[in-house]
Amino acid sequence: MALVNLPTAQVKIDYRDASGSKGSTILHFPFDTLAAVAVAGADLVSAALNALSDAAIDGYTLSYSKREDTPATPTAGSRVEEKGNFVWRTSNGRSTRFTIPAIVDSVLNDSGSIDKTNALITALVAAVTDVDLIFAGADGSDITALLEAYQSFRSSTKQQLPADR
Amino acid sequence: MLRPNATVELVWQDERGKTAVTQLSAPSSATVEQIDASATALASILLPLTGAVLIAQRIKYRNQTVPRTEPADSTPIVRSGVFFFSTDGDAPDGMITVPSIKNEVISDVEPFAGVAIDRDNTAVIAFASEVLANGATNSLGDALTALVAAYLQSRV
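The listed protein sequences derive, respectively, from chains A and B.
Here our numbering is used: position 20 in the first sequence is 20, and no number is missing along the way.
Here our numbering is used: position 74 in the second sequence is 1074, and no number is missing along the way.
Possibly wrong hints are sitting among the right ones.
[To be verified] Under the rule of at most 25 Å between Cα atoms (straight-line distance), these lysine to aspartate or glutamate pairs were calculated in the DMTMM-like manner: (1) A/K12 / A/E68; (2) B/K1060 / A/E68; (3) A/K22 / B/E1070.
[As the list claims (entries may be wrong)] Which residues of chain A face chain B? A few of them, derived with a C-beta cut under 10 Å, are: (4) P101; (5) A145; (6) L147.
[Stated by the list, open to error] On the chain A side, residues computed to face chain B include the following (Cβ under 10 Å): (7) T8; (8) D14; (9) S19; (10) K22; (11) A42; (12) A76; (13) D105; (14) T117; (15) L120; (16) D139.
Please keep in mind that the hints were generated in silico from the structure rather than gathered at the bench.
All C-beta atoms, glycine included, are put in the ideal place defined by N, C-alpha and C.
If we strip away everything but chain A, and leave its shape as in the complex, we get (with noise of 0.2 Å):
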């Protein structure tokens, strides 16, 4: 059971014609290629797509994907649409939030709000906010506090949400 990456590396281009289609062209590099490599290569060839296409270059994304071999079984009863919100707070005082999906009831106290103080919660806290692991904002601000933890679910609303989460 191990994640296993896919042969190589994919740039999509993404393009938009005069009636606002979108359109692409996908190249393939060595997995291996370190991203700012690709990033390179991927300006030099848009730059050279510029003159054989009429649609505007709005960008693209550089993918390194992998996929698991030998999948686990999930939990009986287990729902991808019941989530697990983490809010959390970032060094230029703004926040940033990432879901879990099909959070475990264990985490979960009887209002839905998540407990902050289980063993498995204060892991995440630690490991999220830890210098150690890369995650940021989405501007690049580090991680630094849990803010809101809560159950929800797709068709949740504000009012349904957790008072004490």
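Go by the hints and put chain B onto chain A.
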């Protein structure tokens, strides 16, 4: 311009086969190796928190054209040029599609006038050179070695 953050997507699958993603950000100045190490460490912490199982991981760097440009003319996106590149030995060829291909690069020499792409066109030569010089491969990772064919293709 490269966006300041790269994204990490952890893809989870539940009992019914439905999937959802945990998406996080990391500085785009970080290498794939650095981000991958953090993603692996985090995934091991998330596993006991979910009833779903991890089936994939993606690390994405995004580049955005700044300032935004406008299309050169009304050539539709479905009017595509298809470029075939050879590989060494018996490895499958590689194919690169270019939407809204310019009319100037379409050959006017019979018998393939209006269909073939002129491989002697300077823009085509420059494109092929950049593809080859920067180490592009087919989807299996086999290095592309030469542009061998190119023609007009439309999805409609």
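Given A/T117 was flagged as interface, is its beta-carbon under 10 Å from a beta-carbon of chain B?
-> violated, 15 Å
Agreement of A/K12 and A/E68 with the hint, judged by alpha carbon distance not exceeding 25 Å = Status holds; Cα separation ~23 Å.
Cut-off 10 Å, beta-carbon criterion: hint that A/L120 touches chain B | holds, 6 Å
Do the numbers back the hint for A/A145, that is, is its least Cβ distance to chain B under 10 Å?
-> Cβ of A/A145 sits 16 Å from chain B, so the hint is violated.
Would you settle whether the hint for A/D105 is holds or violated, based on the nearest Cβ-Cβ distance to chain B being less than 10 Å?
-> holds, 9 Å
Given hint A/E68 paired with B/K1060 - CA-CA distance at most 25 Å | holds, 18 Å
Hint check, A/S19 versus chain B [nearest Cβ-Cβ separation less than 10 Å] | holds, 7 Å
Could you grab the alpha-carbon distance between A/K22 and B/E1070 and see if it respects the 25 Å cut-off?
-> holds, 13 Å
At a threshold of 10 Å, is the proposed contact between A/D14 and chain B supported by beta-carbon distances?
-> holds, 9 Å
Hint status (Cβ of A/D139 to nearest Cβ of chain B, threshold 10 Å) | Holds. Min distance 6 Å.
Report holds or violated for the interface hint on A/K22, using the least CB-CB distance to chain B and a cut-off of 10 Å.
-> Since the shortest Cβ distance to chain B is 7 Å, the answer is holds.
Using 10 Å as the Cβ threshold, decide whether A/A42 counts as touching chain B.
-> holds, 7 Å
In this structure, the earlier hints numbered 5, 6 and 14 are contradicted, and the remaining ones agree with it.
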